[in-house]
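Last residue of the sequence shown? That's 655 in the working numbering, and every number before it is there in order.
Just so you know, not all the hints are guaranteed correct.
Said to hold, decoys possible - Distance condition first, Cα-Cα at most 25 Å in a straight line; then the derived DSS-like pairs of lysine-lysine:
id : residue 1 : residue 2
1  : 269       : 440
2  : 630       : 267
3  : 638       : 588
4  : 588       : 578
5  : 440       : 267
6  : 638       : 578
7  : 269       : 630
No lab work stands behind these hints: they were computed from the structure.
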Amino acid sequence: MPLGRGHRRADSSGRRFSRLSRTVFVGGIVLTATLFAAGGWQRRWIADDGLIVLRTVRNLMAGNGPVFNSGERVETNTSTAWTYLVWFFSWLTDLRLEYVVLGIALTLSVLAIVFAMLGSARLWGGTRTAFLVPAGALVYIAVPPARDYATSGLESSLVIAWLAVLWWLLIRWSQAERVRLTSFFGLVFFAGLAPLIRPEMTLVGALALLMIFCAPLPETGVRPIVFRAIIVAVAGLVPVAYQIWRMGYYGLPYPNTAVSKDAGGAKWKQGLVYLWNFVGPYWLLIPLVLLAVAAAFAVWSGRRDGAAGRHADAGDAPAAARDKSRRGRIHRFSVWLRTPAAVVALMVGSGLLLTVYEIRVGGDFMHGRMLLPQLFCLILPVAVLPIRVPQTLFGGADGVRKRGMRASDWAFAVVLAGFLGTAGWALFAANTTAITTGTKISSTGIVDERIYYVLNTGHDHPIRAEDYLDYPRMRAMVRDIRNTPDGGLLLNSPSFMFWYIAPPPQPIPADGAGHTVFFLNLGMTSMNVPLDVRVIDQMGLAYPLAAHTERLSDGRIGHDKNLYPDWVVVDAGMVDQKPWLPWFMDDKWVAQARVALTCPATQDLLASSRSPLTFDRWRHNVVQALGFSKYRIDRVPKYEIERCGLVDPYPSYPK
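Start from the sequences and build out the full structure, keeping to the hints where you can.
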């Protein structure tokens, strides 16, 4: 039977609405991604910590292994996946490392925004019933730290890209009428990569895998217990294999950075300071509240209009809904786990839990950086918002204009207000300067890391290693290494123009005794010297001896370990007596450090990363990895001698 004129008009109007809504959505993605790319490029730089990654990549490409210093197996990079991703593209392109990491970081950052918006669009039912406009995505790209760390050389871009793709995959899985095995196991494998993306992402990956494990399985004819065993195997294939290898190779169950920063410690007060340092200046709670209210009204409106998806809640399973028994409740919960609502709960809950963890450990010294993944998790469900056209005013997606105000149409005003309020806030936040202290570090210990290095190097975009030669002491370091062919230990002086050098003992080998640089800024230091120059730091990111000291209760967050140079003089094998020692050092302390280093437990710890990697050493490292991670020494040599029960060469100093 042919359609009537009214039906043809409604059908035509519906097609026009669909085309227009798709255009708005695609345009929103393009606009948001372009703004983020432009903002990231405008603030392009590579942080000193980003250069640390490149030192490891240099060693990988030179055949020395994934180490920071040749001959010392230390995992100085927190993100394993980031290290090997940078290495792969460096090997593939043979371009300069700094430009490779800059390109990877910016690309991943932009892709993260795109996938976040695609996943959010699927959550809201696509463009058939509403205009999908950027909302939460605007919140993320508006905060200056998000643009700072879009190109910093750190793993921040990889973390948000992994979260965005995981979000998109989970939403697809939750809405699929029939899950294909290739897509299913691709999701499982991807979620299992969490520990390699960054250790704390294990929480998100584990919760996602638990949800998949407990939800109804695809129909395959395989026994559920066998199928779930396959899920565990696929998820754990790469991370478990790497974990076993890591424990044998490095002698630790997690990256050395977690030991150096005592990632299991607690500094709640400092953590709250760090949280407010990020939330307060940008009034970040305003857009989050606006979006939460707008999302609630959008959900209500969609349900009232019948626009909710097939998996809106557990009520989609009538049999389960009728079954009030314990088994029925379990079944309903299992069914609910494969719904968009469960995925939203997972991502938002993960963001809140990760925020609590970050507060517990005291946050970080880089403004905003360690709270960016948490913010990203929170905005994922509302990366775009659905604005449903009121049928009383303009006619809906079917083109039919209806009389009388429908109850759900009131949501239009709320959602539109939420979007406009968020957009207005984004304009304010994008131009807000949260920290104005420049190169001065306040009592909180938190700095705007990009501005700090911009001002200290004099470069608007410090990207290449040589840009950091203009940082205080760097040119003097390169000069002093060149002027001491015999080798030696370089210790920074109060002057920016020279370094103290502890010389090596006689006789000097024909090719020199080698140089060791003991300095906090590992990235710029290590990338401006050859790989045969050993670079270590007092807080232990690349130096196990310092990493395993006790945390200073009043130290600057992220820098609250500080090994005395007396240990390094002995450990590096330099002359340990006056007048060859720098003037400020006490040869008695150095003598005590020599004795303290003979502690059997300390020697065993150092052997785990310095002894040749035989099978026996690898097996011993695997067995002792957890014990090594918990081992701590006292940074004062005299107290360490007492702790270890050794004989003090100076039991009491003369008055």
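Here is how each hint holds up against the structure:
At roughly 22 Å between alpha-carbon atoms, residue 269 and residue 440 fall within 25 Å of each other, so this suggested pair holds. A hinted pair counts as satisfied when its Cα atoms are at most 25 Å apart, and residue 630 with residue 267 qualifies at roughly 18 Å. The suggested pairing of residue 638 with residue 588 holds, with an alpha-carbon distance near 10 Å, which does not exceed 25 Å. Among the hinted pairs, residue 588 with residue 578 is consistent with the structure: their alpha-carbon atoms are about 10 Å apart, no more than 25 Å.
Of the supplied pair hints, the one linking residue 440 and residue 267 holds, its CA atoms being roughly 23 Å apart against a limit of 25 Å. Of the pairs offered as hints, the one joining residue 638 and residue 578 holds, with about 19 Å between alpha carbons and a cut-off of 25 Å not exceeded. For the hint pairing residue 269 with residue 630, the CA-to-CA distance comes to about 24 Å; that is within 25 Å, so the pair holds.
Checked against the numbered hints above, the structure violates none of them.
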